[in-house]
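Student: Based on these hints, arrange chain R on the given structure of chain D.
There are 2 protein chains.
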Amino acid sequence: MKKEFKTLDCTLRDGGYYTNWDFNKDLVFDYCKTMEVLPIEYVEIGYRSTPLNGYLGEYFYCPKHVMAELKALMPTKKLTIILNEKDIRGHHVEELLKPCLKYIAMVRIAIDPKNFKRAIELAKAIKLMGFEVAFNVMYMSNWKQDSDFLNGLEGLEDTIDYFYMVDSFGGIMPNDVIDIMTLVKTKTNVKLGFHGHNNLEMALINTITSINEGCEIVDCTITGMGRGAGNLKTELFLTYLNKVKNIEIEYTKLGKVVALFEEMKKKHGWGTNLPYMFSGAFSLPQKQVMEWVGMNRYPMSSVVNALKNQTEDIKDN
Amino acid sequence: MKKEFKTLDCTLRDGGYYTNWDFNKDLVFDYCKTMEVLPIEYVEIGYRSTPLNGYLGEYFYCPKHVMAELKALMPTKKLTIILNEKDIRGHHVEELLKPCLKYIAMVRIAIDPKNFKRAIELAKAIKLMGFEVAFNVMYMSNWKQDSDFLNGLEGLEDTIDYFYMVDSFGGIMPNDVIDIMTLVKTKTNVKLGFHGHNNLEMALINTITSINEGCEIVDCTITGMGRGAGNLKTELFLTYLNKVKNIEIEYTKLGKVVALFEEMKKKHGWGTNLPYMFSGAFSLPQKQVMEWVGMNRYPMSSVVNALKNQTEDIKDN
Chain D
5 MKKEFKTLDC TLRDGGYYTN WDFNKDLVFD YCKTMEVLPI EYVEIGYRST
55 PLNGYLGEYF YCPKHVMAEL KALMPTKKLT IILNEKDIRG HHVEELLKPC
105 LKYIAMVRIA IDPKNFKRAI ELAKAIKLMG FEVAFNVMYM SNWKQDSDFL
155 NGLEGLEDTI DYFYMVDSFG GIMPNDVIDI MTLVKTKTNV KLGFHGHNNL
205 EMALINTITS INEGCEIVDC TITGMGRGAG NLKTELFLTY LNKVKNIEIE
255 YTKLGKVVAL FEEMKKKHGW GTNLPYMFSG AFSLPQKQVM EWVGMNRYPM
305 SSVVNALKNQ TEDIKDN
Chain R
5 MKKEFKTLDC TLRDGGYYTN WDFNKDLVFD YCKTMEVLPI EYVEIGYRST
55 PLNGYLGEYF YCPKHVMAEL KALMPTKKLT IILNEKDIRG HHVEELLKPC
105 LKYIAMVRIA IDPKNFKRAI ELAKAIKLMG FEVAFNVMYM SNWKQDSDFL
155 NGLEGLEDTI DYFYMVDSFG GIMPNDVIDI MTLVKTKTNV KLGFHGHNNL
205 EMALINTITS INEGCEIVDC TITGMGRGAG NLKTELFLTY LNKVKNIEIE
255 YTKLGKVVAL FEEMKKKHGW GTNLPYMFSG AFSLPQKQVM EWVGMNRYPM
305 SSVVNALKNQ TEDIKDN
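Chains D and R are the protein sequences, given in the same order.
In terms of my numbering, the first sequence opens at residue 5 and continues consecutively.
In terms of my numbering, the second sequence opens at residue 5 and continues consecutively.
Only chain D is shown next, with the shape it has when bound in the complex:
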């Protein structure tokens, strides 16, 4: 049985939050060779960006030689990169993306809903260059309360190929996925996508729910490596597809790559824990939690208390 939706693995891109977008070359080699044989259609290899302050590794800028190497390792895959809308303007596009034309099939744009209109101009410029374009719009858990920006979707059918809903805080429940997709479908016929986070261990069920409701592309990462509590685990999703849709998986290769990332996980410690559960449940930004947890200086109970105080608007002493 063939699956009726696309899968996008964004391990290097989303995992880069833990490694500063530096990855061991051998690891990337094994990862790419494995992606090539798995039932995954799109592989996101990193960001492209104008130069930012501070050190950011190779997969944050994805220079031409990186794109060329990775495309050679994954010739049958559609490669994607993502742009942070807040850092990129229309006039950057030509210079930033021209080197990508040979290697990159789709450009995604990470968007705060408050900048939605500005993002449309960016999308149009990118589409004109010939890329598939996806919108990754954040803070999905707030959209029920704040849905005005969705009106901006009207007339974008020829500009964007996928409209992704991003569960930025990882607190979405399956019923919310249904409600929000019902809302979004009243606004647009653009194909929908879902990017889940795993704070409440809801990434798989939310992703399955999104597909049942009509999503045509979903994201995952090996071992869930990704900002904060991380993402839907590629190996979990593929095992599920193997079981439910009888899609063949090369478990030996998958298992070897998973083991390499599990090893790295011991150092960086992504995955959910009590502070991430709390931040997911109460829609608090991952970034803050990730900093506090990552320092290993504060006991988990102090981090949760600090977060709890935030939700209660109590000044934390």
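Hint data in this document are derived by calculation from the structure and do not stem from the laboratory.
Keep in mind the model is a prediction, meaning the values are calculated, not measured.
Warning: the hint list may mix true and false statements.
If chains are identical, the list can't say which one is meant, so a pair holds when it fits in one copy or spans any two.
Derived lysine to any residue pairs resembling SDA-like cross-links, with alpha carbons at most 20 Å apart [stated by the list, open to error]:
no., residue 1, residue 2
1, K270, Y302
2, K249, D26
3, K118, N88
4, K312, L160
5, K269, G298
6, K271, F27
7, K189, D26
8, K260, L105
9, K7, A263
10, K260, A310
11, K249, V41
12, K247, Y143
Tutor: Same frame as chain D, now just chain R:
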């Protein structure tokens, strides 16, 4: 808002599969003091058993001094112990359980469906002594195909207080929970319970689903510590209850105990991984996977291949 169902934490009992039912006294002290202040009604402290071969620690036998100590630490909680039906007969009950009467509110019985009838005699003997009695019936994922034993539930309303459905393989999906509960509810009015495993990260959504469908008691363990991939995480479930049902949680105390178990998890490594995902999806016994994974001698990919061969009935060389 009060919750309309009971929660049972069975960390020491189910976690014992990793520690041979030995636990550090200070850890147990902190665990019990924390349980005492959390919105958890039942705490399962271990097994009781006739002497078995091989070394099994204190919480496998729960001698009187252990029960007395733990009850003193958790005076407001209902303590439970569990029996393995396969090892215990009606004539053992008097000697085995008389010392428990002062400390233990409920006795649970872990039952293979094929021994369901035999278990009823055991349950009647235990009920006569004055305990609450729960059936923990295994292999829930097989019940759709093999439901005859459920006819034995007729007339047991006065014998058993809770009929637990146990997702032994950890491969149940929310729709299965609904289907199986619909089936079970046609057979009995006994209050239902759910014990989930987390192989596919479905423990929380399955537990929520079971409650929505009428379950009146559900199990969890701190950090999910439990056989194989482990259980619903107590801290995840409580965070969810805090959010959705506005139930107060003492996060500081919870966080401290979670941190102690997380530390132990680094050594024992419970939680899901690719072999457990695979065994969950294809209903393979946890015990085998746990042995292979626990040895740390085989790469994950070999374990998955060995499991895959089992499902395909190929002799593994």
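Student: The structure should be examined with respect to each hint, and the outcome stated for every one.
Tutor: Hints, verified against the model:
With identical chains, the CA atoms of K270 and Y302 are at most 20 Å apart both within one copy (18 Å) and between copies (18 Å). Taking CA atoms no more than 20 Å apart as the test, K249 paired with D26 passes in neither setting, with 35 Å inside one copy and 42 Å between copies. Proximity of K118 to N88 under the C-alpha cut-off of 20 Å is restricted to the intra-copy arrangement: shortest distance 14 Å within a copy versus 58 Å between copies. Taking identical chains as interchangeable, the C-alpha atoms of K312 and L160 are never at most 20 Å apart, the minima being 40 Å within one chain and 46 Å between chains.
Proximity of K269 and G298 under a CA criterion of 20 Å is satisfied in both settings, with 12 Å inside one chain copy and 18 Å between copies. Proximity of K271 to F27 under the C-alpha cut-off of 20 Å is restricted to the intra-copy arrangement: shortest distance 13 Å within a copy versus 27 Å between copies. With identical chains, the CA atoms of K189 and D26 are never at most 20 Å apart, being 38 Å at best within one copy and 55 Å at best between copies. In this assembly of identical chains, the alpha carbons of K260 and L105 never lie at most 20 Å apart, being 32 Å within a copy and 52 Å across copies at closest.
In this assembly of identical chains, K7 and A263 lie within 20 Å of each other by CA distance neither inside one copy nor across copies; the values are 26 Å within and 41 Å between. Proximity of K260 to A310 under the C-alpha cut-off of 20 Å is restricted to the inter-copy arrangement: shortest distance 14 Å between copies versus 39 Å within a copy. With identical chains, the CA atoms of K249 and V41 are at most 20 Å apart within one copy only, with a shortest distance of 17 Å there and 45 Å across copies. Taking identical chains as interchangeable, the C-alpha atoms of K247 and Y143 lie at most 20 Å apart only when they sit on different chains, with a minimum of 18 Å there against 31 Å within one chain.
Consistency with the previously given hints fails for numbers 2, 4, 7, 8 and 9, ordered from lowest to highest.
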